[in-house]
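Engineer: Please arrange chain B on chain A, whose structure you already have, making use of the hints.
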Amino acid sequence: MHRKSTAPDVHLYNLTLQKTARINQAVHGNFAGTKQQLIVVGRGKILELLKPDSTTGNLTSLCVTEIYGVVRSLQPFRLTGGNKDYLVVGTDSGRITVLEYDTDTNLFKKVHQETFGKSGCRRIVPGQYLAADPKGRAVMIGAFEKQKLVYIFNRDAAAHLTISSPLEAHKSHTIVYDTVGVDVGFDNPIFACLEVDYEEVDEDPTGEARQFLTQSLTFYELDLGLNHVVRKESIPLDEFANKLVSVPGGSDGPGGVLVCSPGRITWRTYGEHEPVAINLPRRDDPLRTDRAPLVTAVTMHKTKRMFFFLVQTEEGDLFKLTMVAEKGEVSGLIIKYFDTVPVANAMCLLRNGLLFVAAEYGNHHLYQIASLGDNEDEPSYLSIDPLDKIHYFRPRDLLNLALVDDQESLHPMIACQLADLHEEETPQLYALCGRGAKSSFRVLRHGLEVSEVAVSELPGNPSAVWSVKRHVDDESDTYLVLSFVDKTLVLGIGETVEEVKDSGFLEEVPTLSASRIGDDSLLQVYPGGIRHIRFDQRVKEWKAPGSTAITNCAVNERQVVITLSSNELVYFELDRAGQLNEYTERIEMTSKVTAMALAPVAEDAFTSQFLALGLEDNTVRVLSLDPSSCLQPLRMQALPGAPSSLCIIEIAGQAGEPGTLQLHIGLANGVVSRSTMDKVTGDLSDSRTRYLGVREVRLFPVRAHGHPAVLALSTRPWIAFTYQGQPRMAPLSYEALEYAHMFCSEQLPEGIVAVAKNTLRILSLQNLGSIFNQSTIPLAYTPRKFFLDEKTAIAVIIEGDQATLTAQEKKARLSGAAKKEEGDDDMMVDDDDDMMVDDDDEASKPNGDAAPSKPPLDVQQFGEPRVEDGRWASQIRVVDAKEGKTLQTVQLAQDEMLTSICKMQFTVSQGFTHVIVGGVRGWDAKKNTFASAFIDTYLFSAPDGSARLTKLDFVHRTEVEAMPCALTPFAGRLIAGVGNIVRIYDMGRKKLLRKCENKHLPSRVVDIEVMGTRVVVADQRESVFFLKYKPTENVLSVFCDDTTPRWCTAMLMVDYSTVCVADKFGNVSVLRCPDDVTDTLQEDPSGAKAFWARGYLNGAPQKLVQVANFYIGEIVQSLHKTTLTPSGTECIAYTTLSGSIGALMPFSHKEDAEFFQTLELHLRQEHPPICGRDHLAFRSAYVPCKSVIDGDLCEEYNMLSASLKSDIADGLERTPQEVAKKLEEFRTRYAF
Amino acid sequence: MAESRYNIHSQQEHLQSKYMGTGHADTTKHEWVTNQHRDTYTSMIGHEGLMDYVSIAENESRERTRFNLLQRMISPCGPPVKKADAE
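Just so you know, the sequences run in chain order A and B.
So in the UniProt record's numbering, spot 403 of the first sequence is number 403, and the numbers just go up one at a time.
So in the UniProt record's numbering, spot 27 of the second sequence is number 27, and the numbers just go up one at a time.
Next up, chain A with everything else stripped away, as it sits in the complex (with noise of 0.2 Å):
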């Protein structure tokens, strides 16, 4: 049959508002060729380089470089003599990638790129693995199996970075683990991995020889003068481990490499030579059972006289490892519990003493190294004990490492929802993150971070500040000077800020301006007058003639302007006598003006060449100030509304380009528009404007980050700042204030001064590159999914965690523990796990110096201790959002485990509220299993004298036969999704009853959206399923589905027939029933015929047309369909496990379309993904990318070279800056 494509021609535009901030992989070099080391993480799809700052102890991020690919491994690798790290970045791109970091630029350079293979994470493509030579000849690109490639690299004449075609190292059938470049000094370069030969494994039906197989641990020369790879030795190893570190080799060390396995790390290395074992010390904690650690991460300092490495275990546990060697031969291995510390997917250990540890989940911390770990309080374990004795110890608070900074991090975000509780006009983002002991909930309200210096009263209500040098070379601030209504306030800053009286400005007057002028000279504007208070105390003052008084002025180092009540201007300049003198001419203007700025004076003028003046007409007009054309009109521009206030601030040029000025213009109507103002004929050109809020906007220039910003205060202040080239506008996350001022001291050079109703701020800016603004609630175990009550502002989370034990649990094992111990003596960890190094009872004991009476270790800081799998322990917990308080908790049985949660008013209960939650008891994530199934209903009551429903009481429990993933409320009953049976519940005295029910889903529900009768159900891997509900005949049968398999994790109904669902595997579609299959259902009263006519293999008759497809590259945790700023239009935003945050617009006009589709085009071609993964194929990387542009591309061309933003430009038929407002405004439309 022929069906006409009914679905509309809908184009989105995807755009990523907040980047992730996990790091997967992150190395150390010198990247910019000097001293200073810098550090490169790996955040899946992007590549950013960090500088750590030694003295304020902070992260900076340099460069941010989006691959459009997965970063899966980063080696720096440095030519013999170098001082500057190249590096090598493996993808999925199928090719190895060689990067250097252009200082010029501020950008990453690709200086190779060769191609191997296929696209794609497979399994035989290299890119998983890299391991480089140390003394940086060479560097070996592996993959998970079989291909493993060897890269010489050289410089030529003109000492440029070369590099070989490839050498193969391949062995077919054989799984790797892990490889690193081996130490060898300038002998050829050896390479070793870590292998499994499994193709007897694959041959053999008995069974035994997987039994029997060893992991091998081999080495790879490369042969520099025959140009060839060859398998040097292969030795088989006791047990299988995950991990090696290279050992400094030739003159620095014994060489070899250390291999990790469970719970021991040896030292090994080709040749004839002993291995040398340790066992890793295992935590002494009554509760925790007893299993062998892996090895998560090491990092190594090396001096000219010595090195150690820092190696992490899978609980967090730091631990310093040190060898002792002569000539060559390891001798033996010290190891001794350092600190502990989140657990790390890397750690870069930088020459200067900090440890950048880059968290698995949750916040990344930088750390000072306090001490060495030479505490003699300490035990140190060494390798010459048995290798059956395992040595046990206490964690305790951190002594050798002090934490200097902390990074943010949202991931992994579990689940997110957006409302606006706090009344700010944008929604803010309410979400779990984290994961076990160190999970949160947090608020995230779009704004920048404000830190609160000082706040102090005033005695009055003041209505402007200004923070005033009293010398040009002064590193700080001398006077604050306050206006009031009828009187001026001066206070001196010092130790103290209190008032004085000889500043020189009059106190009688309020003010219009204080400011310095010239050198060492004050300058106080008042309605009556002008006062210039020279550095002598010498006052010369000009007064306003006759009745008129000053109503506006304008000011900078150099120059006054000032209007008078007779709308006349007198222009002022200060001459090289530091006199001010008045020029001749005063002229009248035909409007009442509103608002002036002048130009800041450039750093080789004498003064500034432009006055920007703003008129009641609603125009802006700018004025020429050179003396051969003294005030004469240059430039007009009309505005949307009267303007309020103006501020021209200067933006230096990218790489050498010239700066411009740029003019503010505030509105009274809320608008805030920036032009750009050309510096030499003051022509206004390429005018942003945004919507701030409803008060009229005041501009007050500032400093941010060392370049010059503008502070817009409206209903919330919002700064407009430059940051890593980009414009940028955010809003602070602040209080409304009503006038401010740049403010400078010793503690704080970059500090803003205010004023709010009757008190007096001093604030201060420091991460201007997080959008996002975090509070945070702890939570006690892995959050799993949660509602959020709008109106009262309540949430309730339901969370869980594997292979831990309840509080009551815990206590009962403990008494138990401590009674067995009384009674026999006996041991009291089990130790059944099959990771175990031994089963011997003696070494399971925990030895002599850690008594097994100690108290468990503390949750929050160690993590809970993981027990045996398949223990659930799990809480309801119900959280004031606004407040960030914990109301009550619901602790749940041992072994319970929660999926789903919903609230709803049942029409049976009459007026209650009640709370279900779906859980599973026993539950087995490896197989699968679980023992029982269960909802539970809980009454959502308010406590006496409240209206806030807070208080949660059981009422029942359902058994159900499969696992509830599902609940929503659906007409006054409930509909669940227990396992693949979608089955609606009403409300009963002893448990839910069911009324209706639908079999025929194919693996689990994981989601349902109702809207009317119609009930979509999101299917774990088929997709979504259209679902009608008939009343009459009580059936609720599938009427439509999808034709492509999708894993789903989230959905949203954006209308009545479209759905958008996002997948396990990082793709978003949105989905529509065509016109004409809503038609057969409602012309079909009975529903009979989609009941019956039931398609091939439990497909539904009617199928669902994709609309719109995309990869993200991320799994998609959540979709909402909101507005994202006061004034903007709907779109869909998103939320990732990864913790980005991200927007899919619709584009309202085709036109739009177009010319996004084609600035995509050129980008794809003009500026394709660094890595060399073709941009189309990654966005197409599971199911063809379809009416989706990719925002993340598109606003990279603000990126490009001057040349290249011409030419792109030109192949639209625009101008840079067209193409560049246009990105804006379609920005500002919908996101921030």
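Do not take every clue at face value.
[To be verified] Pairs of lysine-lysine, DSS-like flavour, derived with a Cα cap of 27 Å: (1) A:Lys811 x A:Lys757; (2) A:Lys1186 x A:Lys1103; (3) B:Lys82 x A:Lys118; (4) A:Lys1205 x A:Lys1121; (5) A:Lys1222 x A:Lys679; (6) B:Lys29 x A:Lys926; (7) B:Lys29 x A:Lys927; (8) A:Lys757 x B:Lys29; (9) A:Lys757 x A:Lys487; (10) A:Lys927 x B:Lys82; (11) A:Lys171 x B:Lys18; (12) A:Lys135 x A:Lys110.
Just so you know, the hints here were simulated from the structure itself, not pulled from any lab data.
Structural biologist: Okay, now just chain B, sitting in the frame of chain A:
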């Protein structure tokens, strides 16, 4: 004709030796499914998000998850079925 058939055969053999898991007329179900599992585990380790998914569900560190997945790659579907003609 015969020559081209021979040629196709050798080309196929070349593909089979070059790309693991390329099927042939005698591929058994076990071989096929084993290859598929190995490919799946590879993709799970290669794509960070999928590894997070497993590691959060199992409440294990990412390194442990990676190690477990690699271990499972060795023999993901158990020993092969005995070939009938071998007996």
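Engineer: Decide, hint by hint, whether the structure agrees.
Structural biologist: To see whether the hints hold, each was checked on the structure:
{"no.": "1", "hint": "A:Lys811 x A:Lys757", "result": "violated, 54 Å"}
{"no.": "2", "hint": "A:Lys1186 x A:Lys1103", "result": "holds, 18 Å"}
{"no.": "3", "hint": "B:Lys82 x A:Lys118", "result": "violated, 35 Å"}
{"no.": "4", "hint": "A:Lys1205 x A:Lys1121", "result": "violated, 34 Å"}
{"no.": "5", "hint": "A:Lys1222 x A:Lys679", "result": "holds, 24 Å"}
{"no.": "6", "hint": "B:Lys29 x A:Lys926", "result": "holds, 23 Å"}
{"no.": "7", "hint": "B:Lys29 x A:Lys927", "result": "holds, 22 Å"}
{"no.": "8", "hint": "A:Lys757 x B:Lys29", "result": "violated, 77 Å"}
{"no.": "9", "hint": "A:Lys757 x A:Lys487", "result": "holds, 16 Å"}
{"no.": "10", "hint": "A:Lys927 x B:Lys82", "result": "holds, 26 Å"}
{"no.": "11", "hint": "A:Lys171 x B:Lys18", "result": "holds, 11 Å"}
{"no.": "12", "hint": "A:Lys135 x A:Lys110", "result": "holds, 22 Å"}
Checked against the numbered hints listed earlier, the structure breaks hints 1, 3, 4 and 8; every other hint is satisfied.
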